[in-house]
Structures are given as structure tokens and as C-alpha cells.
Amino acid sequence: MKASGIVHKYGDNVDTDVIIPARYLNSSEPAELAKSCMEDIDPDFVKRVKKGDIMVANKNFGCGSSREHAPIAIKAAGISCVIAETFARIFYRNAINIGLPIIECKEAAKAIEAGDIVEIDFDSGMIYDRTKGTEFKGQAFPPFMQKIIETGGLVNYINQKEA
Amino acid sequence: MGMTMTQKILAAHAGLPFVEAGQLIEADLDLVLANDITGPVAIHEAGKLNKKTVFDKDKVVLVPDHFAPNKDIKSAEHCKCVREYAKEHDITNYFEVGQMGIEHALLPEKGLIVAGETCIGADSHTCTYGALGAFSTGVGSTDMGCGMVTGKAWFKVPSAIKVILTGKPSKWVSGKDCILHLIGMIGVDGALYRSLEFTGDGIANLSMDDRFTIANMAIEAGAKNGIFPVDEKTIEYMEEHSKKPYKIYEADKDAVYDEEYIIDLSKLEPTVAFPHLPENTKTVSEAGEVKIDQVVIGSCTNGRIEDLRVAAEVIKGHKVANGIRVIVIPATQAIYLKAVEEGLVQTFIEAGAVVSTPTCGPCLGGYMGILAAGERAVSTTNRNFVGRMGHVDSEVYLASPAVAAASAVTGKISQPSELGL
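As they're listed, the protein sequences go chains A and B.
Residue 137 in the numbering used here is what sits at position 137 of the first sequence, and the numbering runs on without skipping anything.
Residue 1213 in the numbering used here is what sits at position 213 of the second sequence, and the numbering runs on without skipping anything.
Just so you know, the hints here were simulated from the structure itself, not pulled from any lab data.
Treat the hints with caution; some may be incorrect.
[Unchecked claim] Derived lysine-lysine pairs resembling BS3-like cross-links, with alpha carbons at most 30 Å apart:
| # | chain 1 | residue 1 | chain 2 | residue 2 |
| --- | --- | --- | --- | --- |
| 1 | A | K2 | B | K1156 |
| 2 | B | K1156 | A | K147 |
| 3 | B | K1162 | B | K1052 |
| 4 | B | K1156 | A | K110 |
| 5 | B | K1152 | B | K1057 |
| 6 | A | K161 | B | K1057 |
| 7 | A | K161 | B | K1156 |
| 8 | B | K1156 | A | K106 |
| 9 | B | K1071 | A | K35 |
| 10 | B | K1052 | A | K9 |
| 11 | A | K2 | B | K1048 |
| 12 | A | K132 | A | K9 |
| 13 | A | K35 | A | K110 |
| 14 | B | K1152 | B | K1048 |
| 15 | B | K1152 | A | K161 |
| 16 | B | K1087 | B | K1152 |
| 17 | A | K161 | B | K1048 |
| 18 | B | K1008 | A | K161 |
If we strip away everything but chain A, and leave its shape as in the complex, we get (with noise of 0.2 Å):
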């Protein structure tokens, strides 16, 4: 599986208010939840994303509330993969269970520059910024979250699981 798009760069502890903030949290729609996405840090997000963007962060990405509408408006805003040096643990498990492609790599997260033309490939962990020609190795999932994100989130693989 790849991934390829433009980068929308944030900085540190972008946290689960700004990505989603709760005053649209009386939805649940993906759609409606996307419309609002990053507002309060980027209010032009929602104009300028694409579908396929990549979205690079530093440390504590999606940090505070455990609001599964933050990768949700994330996922349906068009984002292929979420790149950041860390993130905050209940986004981390939220990503991987409603299949929002999320890597860690401390590197990618501080060399990769909004604006970059960024490939992911999944298989092999690999980042390539094809703006500046550099690559760098993303943290692999552990075989077991593999498989969660393999089958297409958690239902998927309870339901295969005791199948």
C-alpha cells in the first residue's frame, strides 16, 4: 500500500481541539466533521487539502481528548497518511482502528517541509521527499496493529477473528 500527496506541516502537541474542535462535536458525520477540520489553527486547511495530502507534525500529535472525530475529519478531509516525530497514545489506537494510515518518524517529521511532494510505502515503512529528493525509514507497526490496519480496522478484525 502507498501513499502520495502534498504536505500540510504543523508544529508540536497539535491536539484534538484544534484538529476537531468541540463546538462541531454534535456531529458525527464524517463529511460534516472534514468541513471543520484544523480550524482553529489553519483555517484554510479545508480550501487548499487535496485528496491523497499528507499531513507531517512533530511531537504528541492528536494529544488531550480521546474524540475518534479527530482521525475521522482527519480521514475524510482526504489526509492518505499522518507523519509525525510522536503521537498521543488514544490517537495513535483511534487511527489504527478506523484506518487512518499514521507513521512515526522523528526524522521525516522534522526534515519534511510544507508544500513537499511526499511518498509512503507502507509495506516497507519507507519515506520519500520527492521535492527534495531524501528518504527516511518510519517506525513499523508491530505484525499484531499490521494485521488491525490490514483488515480494515478493529470491527473487521474482531468479525474475521471469531469468524
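Starting from the known structure of chain A, arrange chain B on it as the hints suggest.
For chain B alone, coordinates are given in the frame of chain A:
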């Protein structure tokens, strides 16, 4: 090599004699929780599972507390979704408006969680129950929905940070000052993926309400869970509130910790976290002149009876400063009633504060106290991210009930000593 307290609870629930940090396990759950924001998504996901029934109708808890009493039509639909699911599945512990309170104050009060148990909740502050010596952690809706049906969840066994608490806090210093101080020391990702295990003889000087506040904000340091050893106060609390059998786990003497911190509670001062991260802490003495527009006293962090008693003690005989809005929210109906009986509500109202029915409302910028552009609030809640309580250009300063109440009287960030207390 020994196990930490958290690892021992997880091992027991995974049916394993031993677990170590990094190991992936599947653990049995004693309690699974959701609210009106996360519940509908969890119910939707659970509906896609082949198995259609909940694993145990007594072990699922549904609490509409975030945007309840219903703040608007969409919220009303969410609450209705949770209500109907609870009815359809005969969920024992569904709490309707009138019985409901803020979930993390409500569950321990109702005796639904005790020492030695495992709990997941689709709310990040589910880590609160670590105060009782339980393993308790926040998850998203899919994990909750799957846990509600299967009674199980997967975990990566966490390593731990040991936090040794010593000494006795002074009169106006509380659990909130302790946890803000710790987050200020280690940062908002200082305990990422790990447990915060509290220990030390200072714990005996902390009330259960203080411990709930500390465990509650473990997530603000990125922790998977925060956990306290079980002592006489814990046992007294559980025996007063619960009929469930509890099990006491202790960390092995040779348990390995990634890091160790010592906090002398007697040296702590009233502390405040400046915008826009809980790690931006200063003592109130260092805060300087910060004028405010609103004060919120409540939430799963600080809406318990002791919090209200302290706030009332500070505010009694004073008036809220001119132009300041003060919103007091008892976390549960039982706390509300106690606050009425003890005359605390009268004190607040006479001072010029409003007292609301239990809700998470303002903490997450839902309703009941939203900030306009440029406005500042001192709040006893848990997060001060950009836009957390309203407009993207508003500011939230996190503090204890004592500091919040003193600030309500002066109209700027203050501590009780400034009122001659």
C-alpha cells in the same frame, strides 16, 4: 525483574503470570464507559460487529453528560441515540438527566469501579479511577464499542514513571497544584504511552478528592494511566460507596521504572497553567497581573464536594468582582445536594455566582460559559488548548478551586492569601 502496579493488574486480567513493558496483550474488562459525544460513534461501530449483544449489561456504563441537558437539536439526537441503545440492551448503568453527573465523578460515587479492576472509557479522563487503585484508561469510540460487545481490549503493556510524593500540602494547596506542578516539570508528553505510578508517604496527606484530581490529569502528561496505591482512605471510600469486591495490587519491590520524580507537597504553592498548554505552569506568585472575565469551578477534575467547600470558604463574605462571570458546576446530583445542605450554594449565589446542574458544558467549549474573542477565564478544568472554551482568541488559565475562587473576588489571577486568608 518485578512488575509495576499497572503491569500486575494487566497481567491478572490477561490471565498471564507475568507481563513486561512493550508486550501486546488482550485483557478482560470490568467496566466499559461512554458518554453522549463518544457513545453514538461507539454504538455505530458496535453495530457493525457480528455479535449484537453487550458482553455484560451490568458492566457497560452510559452517561450523557457532555452536551446534556441537551444543548441543541443535534445534541438531543445524540443523547436519544445513547438512551435508546441503553433501553434496547437493558443497560443497568445508564444515567438520565436527573441522575446523571459528570461521568468521572459519578462512577466512583456510585461504586461502579473499585481497586484492582480494569476499565476503558471513551473519554480521555477515564484515567481518573486510578485514584482507587484500578487500571483505567481512555480510548476512542471504536475501542469502546468493541469492548462493550466483547468485554476485551488490546493493550501494549506500559512502562512507568514513579512519582514519589512526600510531605503535607499547606492549607490552600491541593491535588490540582500537585498535578499542574508535575505536568509543568515533565511536559504534556512527559509520560507518553507510560503509566504514572504515584507512591510515597505524602499520599496519606491527600484526600480521595485530591487523588481523583491528580489521576484525572495524568492524560495531560500523555500518560496511559495514573495510579495510586490502596490505603485506608481508599478502602474507606470504596466501602462507603460500593458493594463490589476489590483487590489490592502493589508494585513489586524490584519493579523497573523509566524515571523517578520526587515532589515535596509541603513546598508546593498555588499553581496556574497559562495558555495554551497545561505544561505552561507558574506559581500564582509569579503570575503577575492577569485580568480575567470569567471563572469556572467544576468539571471531572474539580467539581467534587471538597472542591466546592474550598471555593465557598474562600468566597464567603465576599462579592464576585464587578463584571466577572462566575459559574459553579457541582459534578453530580449528590454533590449538588450536599452543597445545598451545607449552605455552599447559598454562599456562591450570595457572592454573585451562578450554580448550574451537572454538565461538562464549558470545559470543552460546548455551552454554559463560552468565551468571546479576547476573553480570559480562570478555570478548574483540565485543558487550556487554543479555542478550548470558546473563541480561538480566548484564553484559559487552569487552577485549583481555591485560586479560582480568589480570582473571582479580585477579578485577576489571585490566591487566597491576597484576601487575607
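Structure-inconsistent hints, enumerated in ascending order: Structure breaks hints 3 and 10.
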